[in-house]
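J.: Starting from the given sequences, assemble the full structure and let the hints guide the process.
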Amino acid sequence: MNIIVCVKQVLDPEIPPAKFKIDPEAKQVIPPPGVPPVISLFDERAVEAACRLKDKHGGTITVLSLGPGKAADVVKHAVAMGADEGYILQDAAFEDLDSFGIAYVLGKAIQKIGGYDLVLCGRQSADWGNSQVGSILAEILGIPVITLAGDIEAVDNKLKVKRILKDGYEVLEAPMPSLVTVSNEIGLPRLPAGVRIMLAARKQVPVWTAQDIGAEPAQLDRANAHTEVTGLSVPTRKTECEIVTGDTPGQAAENLASKLAELL
Amino acid sequence: MSPVSATYWGIPGYAIFWVLFAVAFGLFAQRLYFLFRLMRLGKQENRFDRIGQRIKTMLVEVVPQWCNLKTVTRKDLAGIGHAMLFWGFSLYLLSYVIFIGLAGGFGLSPVIEGTTFEIVYSSILDIAGVLITVALIWAAIRRYVVRPQRLEPSGEAGIILILVFVLMALNVSVVGFGYAAHNIHASWPPLGAALAGYLSGTGLAQGTLEATYRGVWWLHYIVIIGFMVYIPRSKHLHILVSPVNILFKPLGPKVVLEPIPLEEAESFGASKIQDFSWKDLLDLYTCAVCGRCHASCPAQLSGKSLSPREVVLNLKEHLLEAGPGLLAGKAEASSESQAKTMIGDVVTEEEIWACTTCGACQEECPVSIEHIRKIIDLRRNLVLTQGKMPESAQLMLANMQSRGHPWAGVQSLRLRGDWTTGLELKILAEGDSADTLFWVGCTGALIERNVEATLAMTRVLKAAGVDFAVLGDAETCCGDPARRAGYEFQFQIMAEQNIETFKSHNIKEIVTTCPHCYNTIKNEYPRFGGDFKVVHYTQLIADLIRQGKLKLTEELNSILTYHDPCYLGRYNSVYQEPRQVLQAIPRTNLKEMERSKNKSLCCGGGGGLMWIEEQAGTTKINQLRLEDVLKTGADTVVTACPYCLQMFEESIESKDIKDSLQARDLVELVEAAMKQSQSGGE
Chain U
1 MNIIVCVKQV
11 LDPEIPPAKF
21 KIDPEAKQVI
31 PPPGVPPVIS
41 LFDERAVEAA
51 CRLKDKHGGT
61 ITVLSLGPGK
71 AADVVKHAVA
81 MGADEGYILQ
91 DAAFEDLDSF
101 GIAYVLGKAI
111 QKIGGYDLVL
121 CGRQSADWGN
131 SQVGSILAEI
141 LGIPVITLAG
151 DIEAVDNKLK
161 VKRILKDGYE
171 VLEAPMPSLV
181 TVSNEIGLPR
191 LPAGVRIMLA
201 ARKQVPVWTA
211 QDIGAEPAQL
221 DRANAHTEVT
231 GLSVPTRKTE
241 CEIVTGDTPG
251 QAAENLASKL
261 AELL
Chain Y
265 MSPVSATYWG
275 IPGYAIFWVL
285 FAVAFGLFAQ
295 RLYFLFRLMR
305 LGKQENRFDR
315 IGQRIKTMLV
325 EVVPQWCNLK
335 TVTRKDLAGI
345 GHAMLFWGFS
355 LYLLSYVIFI
365 GLAGGFGLSP
375 VIEGTTFEIV
385 YSSILDIAGV
395 LITVALIWAA
405 IRRYVVRPQR
415 LEPSGEAGII
425 LILVFVLMAL
435 NVSVVGFGYA
445 AHNIHASWPP
455 LGAALAGYLS
465 GTGLAQGTLE
475 ATYRGVWWLH
485 YIVIIGFMVY
495 IPRSKHLHIL
505 VSPVNILFKP
515 LGPKVVLEPI
525 PLEEAESFGA
535 SKIQDFSWKD
545 LLDLYTCAVC
555 GRCHASCPAQ
565 LSGKSLSPRE
575 VVLNLKEHLL
585 EAGPGLLAGK
595 AEASSESQAK
605 TMIGDVVTEE
615 EIWACTTCGA
625 CQEECPVSIE
635 HIRKIIDLRR
645 NLVLTQGKMP
655 ESAQLMLANM
665 QSRGHPWAGV
675 QSLRLRGDWT
685 TGLELKILAE
695 GDSADTLFWV
705 GCTGALIERN
715 VEATLAMTRV
725 LKAAGVDFAV
735 LGDAETCCGD
745 PARRAGYEFQ
755 FQIMAEQNIE
765 TFKSHNIKEI
775 VTTCPHCYNT
785 IKNEYPRFGG
795 DFKVVHYTQL
805 IADLIRQGKL
815 KLTEELNSIL
825 TYHDPCYLGR
835 YNSVYQEPRQ
845 VLQAIPRTNL
855 KEMERSKNKS
865 LCCGGGGGLM
875 WIEEQAGTTK
885 INQLRLEDVL
895 KTGADTVVTA
905 CPYCLQMFEE
915 SIESKDIKDS
925 LQARDLVELV
935 EAAMKQSQSG
945 GE
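Chains as they are written, first to last, in the working numbering: chain U, 1 to 264; chain Y, 265 to 946.
Because the hints were derived from the structure by calculation, they are not lab data. It cannot be assumed that every hint is accurate.
Pairs of lysine-lysine, DSS-like flavour, derived with a Cα cap of 27 Å [what the hints assert, rightly or not]: (1) U:K238 <-> U:K259; (2) U:K238 <-> U:K21; (3) U:K203 <-> Y:K652; (4) U:K27 <-> U:K238; (5) Y:K604 <-> U:K56; (6) Y:K767 <-> Y:K726; (7) U:K162 <-> Y:K652; (8) Y:K334 <-> Y:K499; (9) Y:K815 <-> Y:K690; (10) U:K19 <-> Y:K690; (11) Y:K604 <-> Y:K536; (12) Y:K855 <-> Y:K922; (13) Y:K518 <-> Y:K339; (14) Y:K499 <-> Y:K307; (15) U:K108 <-> U:K203; (16) Y:K652 <-> U:K54; (17) U:K70 <-> Y:K767; (18) Y:K604 <-> Y:K652; (19) Y:K863 <-> Y:K334; (20) Y:K652 <-> U:K56; (21) Y:K652 <-> Y:K536; (22) Y:K536 <-> Y:K499; (23) U:K56 <-> Y:K536; (24) Y:K726 <-> Y:K772.
T.: Written out as C-alpha cells, the structure reads:
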C-alpha cells in the first residue's frame with residue numbers, strides 16, 4: 001500500500017499569546033525569534049495514520065511539504081516516525097499561494113510521484129486553519145475524498161474510514177486511491193524511535209521547484225487566486241472571572257450548572 | 265589419631281574422605297560453571313580497567329565489612345550481626361582447611377595436633393562460635409519474631425541458620441569427644457574441654473567414645489562439604505559472589521548508563537535476559553535478599569508495585585529458568601512462545617515506570633548491585649523498540665524532541681529566553697567566548713516559581729563579583745529526562761549538540777543550579793567527548809563565602825530543614841556545602857530530617873517522573889517526603905534542585921499548609937541573608 005502524506009511546517013502553536021506578532025500591513029505573521037517551527041498537529045496525526053497502515057499492510061510512505069528549506073525538519077520528523085521518502089516543494093512562485101494554488105502544486109507533485117493508493121492530509125493546518133487543501137487536492141487528482149477521519153482501515157482493496165461527526169461518527173467506504181483528511185481522534189502520534197531517528201537525521205530531502213513538477217506559471221499567478229486575505233488582526237482577549245459558590249459542594253455544583261445553562 | 269587414617273569396613277578413611285570431597289567439589293564446581301556460563305550470556309562490558317584500584321576497593325569493603333557496617337543506623341543494627349558472622353565464619357573456613365583438610369585429608373594431624381597453634385586457634389574458634397551463635401539467634405529473632413519490613417521470612421534463611429548452628433555445635437563436639445576418647449585432660453579450648461570433662465564423667469566406655477568421636481568427626485565433615493554444595497544453589501551464593509561483584513562495581517559515578525551505539529541494529533535496551541550486560545547478571549547472583557533496597561525505595565514506600573529487591577529476584581529466577589534453554593541454543597518458536605516475556609511477566613511496565621532513579625537502592629545495597637541501569641535498559645526497550653510508554657511520558661519525550669525541553673505546554677506562557685528580559689547579562693551570541701557559563705536548565709528558565717530562583721542566582725553571582733555568561737534562548741535541555749526515560753537517542757543528540765555549543769564558546773567552567781544538569785554534564789558528557797569543569801551552585805556559593813566574597817549578615821528568623829536532592833547528594837556526594845552555606849547565615853536554626861544526606865528520601869521528581877503520572881491509588885512521593893519535613897517542626901524547607909522545589913510547592917499546596925511552611929531554594933535564602941546594599945541586581 002503506497003501512501004502519500006502532505007505535511008506543513010507551522011509556527012509552534014505553543015508560544016505565549018503575547019509573543020504572537022503580526023504585520024497588519026503585509027498581512028503576515030512575524031515569527032518570534034528562538035522558537036523553531038513544528039509539524040502541523042493534524043499533519044503529524046496523518047503521518048501516524050499512514051504509519052499504522054504501513055505497519056499492517058506494508059508499502060511505502062512518501063511525504064510532501066510545501067515550504068521553505070527549513071521544512072526539511074518536518075519531512076525528517078515524518079521519516080523518523082516511519083515515512084520512507086520525502087520531498088520539499090520550494091520555489092519563489094509558491095510563496096503566498098492560496099488553498100487552490102497550494103493544492104495545485106501538491107497535485108502536480110503527487111502526479112509526478114504516481115502509483116499511490118492513498119493520499120493523506122491533516123484535517124486543517126494548525127496556523128491558518130482553512131481546511132480546504134485536502135478537498136481541493138482530491139478534486140484536482142480526480143479521486144474521492146473523506147474528511148475528518150478518526151480511523152482508517154484497508155479491507156479488500158477498499159478503505160473503511162471512521163468519519164468524525166459532531167455527535168458521533170459514521171463509517172464510510174471508498175475505493176483506492178482516495179484522499180482522506182485526518183483528525184486528532186486518530187490518537188497520539190508515535191515517538192520516533194530506534195534507528196529511524198538516525199536514519200532521518202541523515203536523510204537527504206530533495207527540493208522540487210515549479211519546473212521539476214511541471215507547474216504552469218499561470219496557475220501560480222496570484223492574480224488568478226480564488227481567495228484573498230483582506231485583513232489580519234489579533235483578536236483581543238477579554239477574561240471575565242466569576243467565582244460560583246454555594247453553601248455545600250452540591251449547591252455550588254448546582255449553581256455552576258445553572259450558570260452554564262444560562263451562558264450556553 | 266585422625267579418624268581419616270582409620271579403616272572402615274575395609275575401606276581406608278582417606279579414600280572415603282577424598283571420594284566424598286570429589287563428589288561435593290564436583291557438584292560445587294558444576295553449579296558455579298553453570299552460573300558462569302549463564303552470566304556469559306550477557307552483553308560485553310569492560311569492567312576490567314584500573315584493576316589495582318578495584319582490588320583495593322574490594323578488600324576495603326569486604327574484609328573490614330565496611331560494605332555492611334556503612335548501612336548501620338540506630339534503627340537497623342543488622343550490619344553488625346553480619347560482620348560478626350563474616351569474621352567468625354571466615355575463621356571457621358580457614359580452620360576447616362587446616363584441621364579438616366590438611367590434618368585429615370592430607371594426614372598431617374600428627375604435625376598439627378596438640379600444638380600451641382591448634383589450642384590457641386581452637387580457643388579462638390570457641391569464642392567466634394559463641395559470637396556466631398549470638399548473631400544467629402539475633403538473626404532468627406529478627407526474621408521470625410520482629411520481622412522488619414525489609415526481610416521476608418524465608419525457608420532458605422532458616423536452613424542456613426540451622427546449618428551454621430549445627431556446624432558450631434559439631435565443632436565443639438569433635439573437640440570434646442576427641443579429648444574424651446583420647447584421654448586428653450586440657451582446659452583449652454574451653455567449650456571443647458568442658459564437654460570432654462563432662463563425657464569423661466559419664467563413665468562411657470573408651471570404645472564407645474572413640475566410635476562416637478569418629479561418627480561426629482565424619483558428620484562434621486559431611487555437613488561442611490554439604491554446605492559447599494548448598495551455597496551456590498541458594499541465596500547464600502552471595503558469600504562467593506559478592507566480593508567479585510564489589511570488585512567490578514563502578515569506580516566513578518555510581519550509576520553508569522552505557523550509551524547505545526547509534527549504528528546498532530533493530531533492538532534496543534533489554535527485552536530478553538541476555539540483553540543485559542554480564543555485570544547486570546552477576547548482580548542477580550549477588551543479591552542476598554537483605555531487602556535494604558526494598559525498605560528504602562520511595563516507590564515501594566509510597567505503595568507502588570515496584571520493589572528493587574523483587575526486580576532483582578525475579579530477574580534472577582528468570583535467568584535460571586530461561587538460561588539452560590539459551591545455553592543449549594534452543595530458541596524454537598514453540599518453547600519461546602510459552603516462555604515468559606521479560607517485560608510484562610517478570611518485570612511489569614508499571615514497575616518499570618515507577619522508578620525515580622533516586623539511587624537509594626544502590627546506596628543501601630551492601631553488595632553493590634546496580635538496580636537503576638536495569639530499569640533504564642527496560643525503559644529503553646519499551647521506548648526505542650516497542651514504542652510503549654505512559655502517555656504522559658510520550659508527551660514529555662515528544663516535547664523534548666520538537667521543542668528541546670520536557671515541559672510540554674508551558675511554552676504558551678513563557679519562552680526559554682524570557683527570564684533574561686530587562687537584565688544586564690552577558691548573553692552569548694554566536695562567536696562569543698566566556699570562561700564561566702551559568703547553565704540555567706529548562707525548569708529554571710521556563711517555570712515561574714523556578715525562574716524566581718534563577719533570578720536570585722544571577723543577583724547573588726553579581727553581588728559576589730562573579731564574571732559569568734548565559735546562553736539565553738540558545739540553551740537547550742541537557743538531556744537528562746530523555747535519558748532516564750529510556751529515550752537514549754534524544755539524549756545523545758542533545759549531549760553532542762550541547763558539547764559543541766560549549767566548545768564553540770570556549771567554556772571552561774559550567775555552573776548549574778539543577779543537580780540533574782550537574783550530574784549529566786559532569787558525569788555523562790565525558791563519554792561523549794565533553795570534559796568541562798562543572799560546579800553546582802551550592803559548591804560555588806560555599807566557596808564564595810569562604811573567600812569572603814559573599815557575606816551573609818541578616819538573620820532569617822526561621823526554622824530551616826534541608827532536603828538533599830538525590831542527584832546532588834547520593835549521585836555526587838555533595839552533602840556538606842549546602843549545609844555550610846546555611847550555617848553561614850547568622851543564628852541559623854537548621855533541623856535535620858530523620859532521613860537525610862545519603863538516606864534522604866526522593867521528592868518523587870527524578871528519573872523523568874516529574875512528568876510521568878504516578879501509579880493510581882498510591883501515595884504521592886512528595887506527600888511522603890512532606891511528612892518528613894513536618895516532623896522537624898521547620899517552617900521552611902530548603903532545597904537546591906528545581907524539581908524538588910516544584911515537588912514541595914505542589915505538596916504544600918495540596919496539603920493546604922502554605923501559612924505554616926514554605927519551600928525555598930537555597931539561593932533565595934542566601935540572597936535574603938545578604939546585606940540589602942550588597943544585593944544589587946536589578
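J.: Now tell me if each hint is right for this structure.
T.: Consistency of the hints with the structure:
1. With a CA separation close to 19 Å, the supplied pair K238 of chain U and K259 of chain U stays within the 27 Å bound.
2. The straight-line distance between the Cα atoms of K238 of chain U and K21 of chain U is roughly 18 Å, inside the 27 Å bound, and the hint therefore holds.
3. At roughly 25 Å between alpha-carbon atoms, K203 of chain U and K652 of chain Y fall within 27 Å of each other, so this suggested pair holds.
4. A threshold of 27 Å between alpha carbons decides the hint, and for K27 of chain U with K238 of chain U the separation of about 23 Å falls inside it, so the pair holds.
5. A hinted pair counts as satisfied when its Cα atoms are at most 27 Å apart, and K604 of chain Y with K56 of chain U qualifies at roughly 25 Å.
6. At roughly 24 Å between alpha-carbon atoms, K767 of chain Y and K726 of chain Y fall within 27 Å of each other, so this suggested pair holds.
7. Between K162 of chain U and K652 of chain Y, the direct Cα distance comes to roughly 25 Å. Compliance with the 27 Å bound is thereby established for this hinted pair.
8. A hinted pair counts as satisfied when its Cα atoms are at most 27 Å apart, and K334 of chain Y with K499 of chain Y qualifies at roughly 22 Å.
9. A hinted pair counts as satisfied when its Cα atoms are at most 27 Å apart, and K815 of chain Y with K690 of chain Y qualifies at roughly 24 Å.
10. Using a Cα cut-off of 27 Å, the hinted pair K19 of chain U and K690 of chain Y holds, with the two alpha carbons roughly 23 Å apart.
11. A distance of roughly 10 Å separates the Cα atoms of K604 of chain Y and K536 of chain Y; the hinted pair therefore holds under the 27 Å criterion.
12. For a cut-off of 27 Å, the pair hint linking K855 of chain Y to K922 of chain Y stands: about 19 Å separates their Cα positions.
13. About 25 Å separates the Cα atoms of K518 of chain Y and K339 of chain Y, which keeps this hinted pair within 27 Å; it holds.
14. The suggested pairing of K499 of chain Y with K307 of chain Y holds, with an alpha-carbon distance near 24 Å, which does not exceed 27 Å.
15. Restraint check: the Cα-Cα separation between K108 of chain U and K203 of chain U comes to about 23 Å, which is no more than 27 Å; the hinted pair holds.
16. Note on K652 of chain Y and K54 of chain U: the hinted pairing holds, with a Cα-Cα distance of about 18 Å set against a maximum of 27 Å.
17. Of the pairs offered as hints, the one joining K70 of chain U and K767 of chain Y holds, with about 25 Å between alpha carbons and a cut-off of 27 Å not exceeded.
18. For the hint linking K604 of chain Y to K652 of chain Y, the alpha-carbon distance of about 18 Å falls within 27 Å, and the restraint holds.
19. A C-alpha spacing of about 11 Å is found between K863 of chain Y and K334 of chain Y, which places the hinted pair at or below 27 Å, so the restraint holds.
20. Between the alpha carbons of K652 of chain Y and K56 of chain U the distance comes to roughly 17 Å, so the proposed pair stays at or under 27 Å and holds.
21. For the given pair, K652 of chain Y sits about 16 Å from K536 of chain Y by alpha-carbon distance, which is consistent with the 27 Å threshold.
22. A distance of roughly 23 Å separates the Cα atoms of K536 of chain Y and K499 of chain Y; the hinted pair therefore holds under the 27 Å criterion.
23. Of the pairs offered as hints, the one joining K56 of chain U and K536 of chain Y holds, with about 25 Å between alpha carbons and a cut-off of 27 Å not exceeded.
24. For the given pair, K726 of chain Y sits about 19 Å from K772 of chain Y by alpha-carbon distance, which is consistent with the 27 Å threshold.
Figure legend: structure checked against the earlier numbered hints; every hint is met.
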